[in-house]
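Participant: Sequence:
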Amino acid sequence: MQERMRIALKGARRRLIATTRSFRRQVDKTGLFPDLTGENGMALRQSVRTEGELSKSYMLMCGLSAGIASLGLLQSSTAVVIGAMLISPLMSPIASMGFGFASLDGRQIREAAKVVAIGAAIGILTSVVLTWLSPIKNATSEIIARTEPTLLDLAIATLSGMAGAFATVWQRGATAIGVAIATALMPPLATVGYGLAIGDLAFMGGAFLLFLTNLAAIAFAFACVARISGSARPLARVELTPRYIIAGMAAFLILATPLALTLYRVTREAKAASFARRAFASELHLTRSNIAQLEVRWPIKSEPSIDAVLITPSYRSDAEKVIAARLQNDLGAPPQVSIQQVVASDLLSKTEAIVDSAVQRTAAGITRDVPPLLAIRTKLGMPAQALWVNRTERTVQVVPIEAPGWTLADYRMLEGKVQTAGGRWQVHILPPAPANLFIPIASQDGSLSSPEGSLDVAVWALDRWGMQNIGIAGFAQRKTDDEANQEARTNAEFAAAALTSHGIASTIQIVEPGSSLFRQAVKETGGESGVVIRIVPPPPPR
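In the numbering used here, the protein residues as written are 1112 to 1653.
It is worth saying that the hints were derived from the structure and are not from the lab.
What you are looking at is a predicted structure, and each value in this text was computed from that prediction instead of being measured.
Even glycine gets a Cβ: it sits at the ideal position worked out from N, Cα and C.
Be careful, since some hints might not be right.
[Unchecked claim] In silico DSBU-like pairs for lysine-lysine, Cα to Cα no more than 35 Å straight-line: (1) K1412 <-> K1490; (2) K1490 <-> K1528; (3) K1248 <-> K1225; (4) K1248 <-> K1167; (5) K1432 <-> K1412.
[To be verified] Derived DEER-like restraints, expressed as beta-carbon distance ranges: (6) S1245 <-> E1594: 49 to 55 Å; (7) A1381 <-> S1252: 45 to 51 Å; (8) A1232 <-> P1410: 24 to 30 Å; (9) P1246 <-> A1514: 52 to 58 Å; (10) Q1555 <-> N1249: 18 to 24 Å; (11) S1560 <-> P1515: 28 to 34 Å; (12) N1249 <-> S1626: 35 to 41 Å; (13) A1436 <-> A1371: 28 to 34 Å; (14) T1189 <-> P1649: 53 to 59 Å.
Generate the whole structure from the sequences, applying the supplied hints.
Facilitator: Shown next, in the form of structure tokens:
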């Protein structure tokens, strides 16, 4: 069996060498490439391999590039992001990887992949740290643009890889700088770090797929140009053994997978867009000029979504329903259809509507990362007095009505329930605030505790109300006043320590025994020992 495989490999090698030589003779006649035979080609291969090696300067530049890219993405500055692309050193090991594929050099492929992985890890970690430290965490247009690979991204990466390979073969460094800008390898990695920092798996996965797509397209483009130009190692010197063939196929499949996923997605989206235009024409009797905007998104593991702005002579209330039914038959999947109809009868009105819709869609693209407010309201299950969004902290603040019989613990449980509808946005329930919180304190075996986690619930409520400095008054009933005062102070100190650990400062007092507040505290807690947390201070004396 092994002997037959060896003979088959030798035959395949001879045929491949003959075909390559014939093709090379035709390419040499074009004059597209310099003479890379002999020492020239060997020197070029060694130069590419040396530039793609791991070094301290490479790791430093990866960190600096990722830092610049992260800050540029967070403040949505295109100029800053371009600056990060300029100093990114990732092109060098990717070029080495491409030459490794062209030369069927498993060791070079493995070494280059290691350098790329280390640079990518440095970029992601740098972005995570800067996102954590930054007060700005909302998704900007620059970030959103790098979360979904498109056909244009794939085409740009392929053409840029070919341009970079030509620049490498001709040893033109200035062209390589332009290639680095076009491929934009570091910003997707910075977006991966951003998604990881805020816990958004969709952003992280989409940006990482974009990076892998660019990586694979560039590496394969380098491999093709290196082989065509003759700068790769001659096949006559390549040892084709089963071990090298299996390793090469594994590396090829690893890089080909993101390309296949991206091609599959963009093909489905292009198909859905074509069917959508046909549906608009047949069901709504509209021409292509009536489609002001059309955006189709079809994630790999989700249903397609169709967003369109249509210029129509008259409004149709059933447009979304009709188009959705037609597309479900065409695509074989239930789509989410959102249609904005702009009624315009004459040419001037139609032109103005197209311009207005373009401006609106641009603004919508910038603010596309919005919380699912309708789903949050539905999950809440009760009227809300107020609801607002903090885009910087990516939170949705909800103030529900004061429900009779509800405790703070009930509102806290409601927050956990509503959070499932928030997705990547944090949902904060702001419960109604009483004048005082009465917390029982129990002592067992010399240690203090709060029954049923009432102190933890109070800490949660104080955080939602934004309380940073409060008053705590301890109370206790004992035979002597000294014993009562000592236990009351101990209770207050125990509660104050719990609040301090959550960043809430407090001042300690003692409830006067026999006072109305003391009697209310005993009644509310159902015990004889605890603390009173003052939420609303008493009015100043007049």
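Participant: All the hints need checking, so say for each whether the structure fits it.
Facilitator: Now the hints, each set against the structure:
1. K1412 <-> K1490: 24 Å, holds
2. K1490 <-> K1528: Holds, at roughly 7 Å.
3. K1248 <-> K1225: Holds. K1248 to K1225 sits at ~31 Å (cutoff 35 Å).
4. K1248 <-> K1167: OK: K1248 and K1167 at ~31 Å, within 35 Å.
5. K1432 <-> K1412: 23 Å, holds
6. S1245 <-> E1594: 49 to 55 Å: At roughly 52 Å between Cβ atoms, E1594 and S1245 fall inside 49 to 55 Å, so the hint holds.
7. A1381 <-> S1252: 45 to 51 Å: 23 Å, violated
8. A1232 <-> P1410: 24 to 30 Å: 26 Å, holds
9. P1246 <-> A1514: 52 to 58 Å: Given a distance of about 34 Å, which is not inside 52 to 58 Å, the answer is violated.
10. Q1555 <-> N1249: 18 to 24 Å: 47 Å, violated
11. S1560 <-> P1515: 28 to 34 Å: 30 Å, holds
12. N1249 <-> S1626: 35 to 41 Å: 49 Å, violated
13. A1436 <-> A1371: 28 to 34 Å: This hint holds: roughly 32 Å between Cβ atoms.
14. T1189 <-> P1649: 53 to 59 Å: 55 Å, holds
Of the numbered hints stated above, those contradicted by the structure are hints 7, 9, 10, 12, listed in ascending order.
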